[in-house]
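Visitor: For the protein sequence lines, the chains are A and B, in the order given. Residue numbers in the first sequence follow this note's numbering, run continuously in steps of one, and reach 353 at the last position. Residue numbers in the second sequence follow this note's numbering, run continuously in steps of one, and reach 353 at the last position.
Calculated from the structure, these hints are not laboratory results. We treat Cβ as the ideally placed atom computed from N, Cα and C, and that holds for glycine. Do not rely on the hints blindly, as some may be mistaken.
Stated by the list, open to error - Derived CB-CB ranges, DEER-like:
1. A:E69 <-> B:R229: 50 to 58 Å
2. B:N260 <-> A:F346: 53 to 61 Å
3. B:N154 <-> A:G160: 42 to 50 Å
4. A:R198 <-> B:G303: 29 to 37 Å
5. B:A190 <-> A:G123: 50 to 58 Å
6. B:V167 <-> A:C156: 25 to 33 Å
7. A:K336 <-> B:A190: 32 to 40 Å
8. A:M94 <-> B:V167: 25 to 33 Å
9. A:E69 <-> B:A190: 33 to 41 Å
10. A:K318 <-> B:D84: 42 to 50 Å
As the list claims (entries may be wrong) - Taking lysine to any residue pairs in the SDA-like style, the calculated list, with each CA pair at most 25 Å apart, reads:
11. A:K96 <-> B:T240
12. A:K108 <-> A:P162
13. B:K161 <-> B:L83
14. B:K304 <-> A:D93
15. A:K96 <-> B:G90
16. A:K96 <-> B:P150
17. A:K304 <-> B:G90
18. A:K96 <-> B:T221
19. A:K71 <-> A:L326
20. A:K96 <-> B:K161
21. B:K304 <-> A:G169
22. A:K96 <-> B:V220
23. A:K96 <-> B:S226
24. A:K96 <-> B:T231
Protein chains: 2
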Amino acid sequence: MENKLNCYKQMVERALDALPMTGAPDMLKEAMRYSLLSGGKRLRGCLVLAACEMAGGDLQSALPFACAVEMIHAYSLIHDDLPAMDNDCLRRGKPTNHIVYGEGMAILAGDGLLTHAFEVMAASDHPHAFRALREMAAAAGVRGMLSGQTLDVTLEGTSPDRETVHHIHEGKTAALLTAPVTAGLILAGAEENLIQAGREYGYHLGIAFQIVDDLLDLEGDPALMGKTLGKDQAEGKITWPACVGMDQARKDAEMHIRLAADALDPFGKEAEFLRALAFSTLHRVQ
Amino acid sequence: MENKLNCYKQMVERALDALPMTGAPDMLKEAMRYSLLSGGKRLRGCLVLAACEMAGGDLQSALPFACAVEMIHAYSLIHDDLPAMDNDCLRRGKPTNHIVYGEGMAILAGDGLLTHAFEVMAASDHPHAFRALREMAAAAGVRGMLSGQTLDVTLEGTSPDRETVHHIHEGKTAALLTAPVTAGLILAGAEENLIQAGREYGYHLGIAFQIVDDLLDLEGDPALMGKTLGKDQAEGKITWPACVGMDQARKDAEMHIRLAADALDPFGKEAEFLRALAFSTLHRVQ
């Protein structure tokens with residue numbers, strides 16, 4: 068699995084680096100590229116490619132969508148890190164965008180990445196491009212990622228019930244892990260029942276991923292994570308372990324990973340990679 | 068002309084007010100609606116409808132695009148007004164978004180409006196929806212509006228040459244007045260030469276519009292404008308009058324309006340409304 072993941076990752080990395088952004092002012096382009104090309108697992112971009120390949124689609128024509136979801140993810144991190152939001156100075160071991168370029172430029176760089184994601188998708192002549200873009204827009208939108216982020220910000224410091232915490236994680240994390248899977252399947256021309264199976268996979272993977280992330284913040288290795296740990300807890304962040312305890316959180320992550328893997332049954336052997344990818348998420352906290 | 072403009076404006080206003088934003092957290096929805104429904108001329112939305120009707124298209128199916136361009140415009144104003152950008156407290160006579168909802172929520176409200184614009188366009192089943200969305204994305208993007216805004220911010224306080232100022236206004240203003248015209252024509256199924264004519268119209272209208280706006284900041288009536296005047300000059304903002312003088316600026320606005328009107332020749336009598344709309348822009352400073 069690792070080989071294939073690295074291969075997808077390299078494809079995404081190269082495509083991101085090669086985005087022309089023609090006509091963008093140098094400073095804007097630099098600030099956008101600073102965050103876009105600062106590493107990361109490229110999980111969302113890889114999911115587009117893996118889902119597309121699983122359903123027999125063409126990887127090259129799916130690449131703009133892999134880039135788009137990474138741009139949407141990068142924009143959300145830049146705006147999240149701003150002083151008016153999480154006020155983070157460090158991301159993946161590097162100073163955050165506003166520390167390097169100033170707040171005004173960081174806001175514009177985020178806006179630029181979000182808009183460019185849509186521009187890149189809209190430039191595609193793939194016959195299913197429009198529907199794939201629709202999935203991305205909904206996932207990034209006010210009932211998707213932005214819903215989760217808003218609740219995360221407005222409820223910080225409170226102790227919301229499990230249902231609310233779950234709802235936040237659906238928006239904040241699961242939406243932008245689901246859309247790349249469904250978009251990849253749509254681009255491959257997969258049938259509706261398979262797209263639906265992919266949606267379930269992405270959803271459970273996303274919830275598990277957020278729980279694991281919360282667990283890592285509590286017990287991970289700071290050197291490996293490239294950020295300050297224990298910060299969530301110190302700042303009264305809403306996390307699943309804070310809500311149900313560490314042991315239950317670990318069990319819940321396992322359950323969601325099993326559900327994610329099971330959802331892939333309709334794909335049979337072709338789903339081997341995405342199944343293994345789901346289980347590898349758990350190994351980060353085992 | 069006024070009657071027709073009011074009719075378009077009311078259609079846009081009602082459609083914006085009726086946007087469901089289902090699933091958005093109440094606070095996010097409220098902050099988005101606060102800026103989106105705070106008045107304004109709805110010029111961009113009206114341009115979509117007028118261009119669509121001029122080419123014989125269906126107004127109802129163009130409405131989502133009229134809403135989208137108004138959402139993109141509203142997002143750009145919210146982010147522009149932030150302390151890290153223009154630091155404005157007043158917009159159309161009302162406190163700006165971050166004054167009411169705080170900086171974090173204002174950033175999210177802007178992000179929400181931008182993303183929702185794409186979500187609304189992507190939900191359209193109009194056969195030319197994808198191409199119309201493509202026009203909007205490019206206009207809002209890093210070689211369109213965001214290019215102008217970046218240069219505006221980074222060059223503030225300097226005295227750039229005419230070419231640079233013109234380039235800033237192309238991005239900052241003309242791009243988002245051109246896209247609604249071309250999108251409206253695309254949705255009406257207009258032929259390529261007519262779309263190109265509309266592009267020229269929108270471009271010159273946009274440049275003239277920005278010059279008139281700069282002139283109004285210098286000599287307009289504060290009560291009518293709903294904002295502090297003379298602010299551009301005091302803050303070293305880059306304006307066309309500051310670059311070429313008031314008299315030349317007035318002449319240039321007139322020239323661009325004439326070019327805009329001339330560009331509509333291929334539409335014959337059907338262009339009466341958009342021609343009159345262009346000339347009415349000038350009357351604001353005469």
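Visitor: Are the hints correct? Go through all of them and say.
Guide: Here is what the structure says about each hint:
1. A:E69 <-> B:R229: 50 to 58 Å: 57 Å, holds
2. B:N260 <-> A:F346: 53 to 61 Å: For B:N260 and A:F346 the Cβ distance comes to about 58 Å; the hint holds.
3. B:N154 <-> A:G160: 42 to 50 Å: Violated - the Cβ-Cβ distance for B:N154 and A:G160, about 32 Å, lies outside 42 to 50 Å.
4. A:R198 <-> B:G303: 29 to 37 Å: At 47 Å between Cβs, range violated.
5. B:A190 <-> A:G123: 50 to 58 Å: 28 Å, violated
6. B:V167 <-> A:C156: 25 to 33 Å: 28 Å, holds
7. A:K336 <-> B:A190: 32 to 40 Å: 36 Å, holds
8. A:M94 <-> B:V167: 25 to 33 Å: 30 Å, holds
9. A:E69 <-> B:A190: 33 to 41 Å: The hint (33 to 41 Å, Cβ to Cβ) holds, given that A:E69 and B:A190 are roughly 39 Å apart.
10. A:K318 <-> B:D84: 42 to 50 Å: About 47 Å separates the Cβ atoms of A:K318 and B:D84, which means 42 to 50 Å holds.
11. A:K96 <-> B:T240: Roughly 20 Å between the alpha carbons, so the hint for A:K96 and B:T240 holds.
12. A:K108 <-> A:P162: 18 Å, holds
13. B:K161 <-> B:L83: 19 Å, holds
14. B:K304 <-> A:D93: Holds - the C-alpha atoms of A:D93 and B:K304 are around 20 Å apart, at most 25 Å.
15. A:K96 <-> B:G90: 33 Å, violated
16. A:K96 <-> B:P150: 22 Å, holds
17. A:K304 <-> B:G90: It holds: about 22 Å lies between the C-alpha atoms, which stays within 25 Å.
18. A:K96 <-> B:T221: Holds: A:K96 and B:T221 sit about 13 Å apart, inside 25 Å.
19. A:K71 <-> A:L326: Holds, at roughly 23 Å.
20. A:K96 <-> B:K161: 34 Å, violated
21. B:K304 <-> A:G169: With a Cα-Cα distance of about 19 Å, the restraint between B:K304 and A:G169 holds, given a limit of 25 Å.
22. A:K96 <-> B:V220: Given pair A:K96, B:V220 holds - Cα atoms ~14 Å apart, limit 25 Å.
23. A:K96 <-> B:S226: 23 Å, holds
24. A:K96 <-> B:T231: OK: A:K96 and B:T231 at ~18 Å, within 25 Å.
Taken one by one, the earlier hints fail for this structure at numbers 3, 4, 5, 15 and 20, listed in ascending order.
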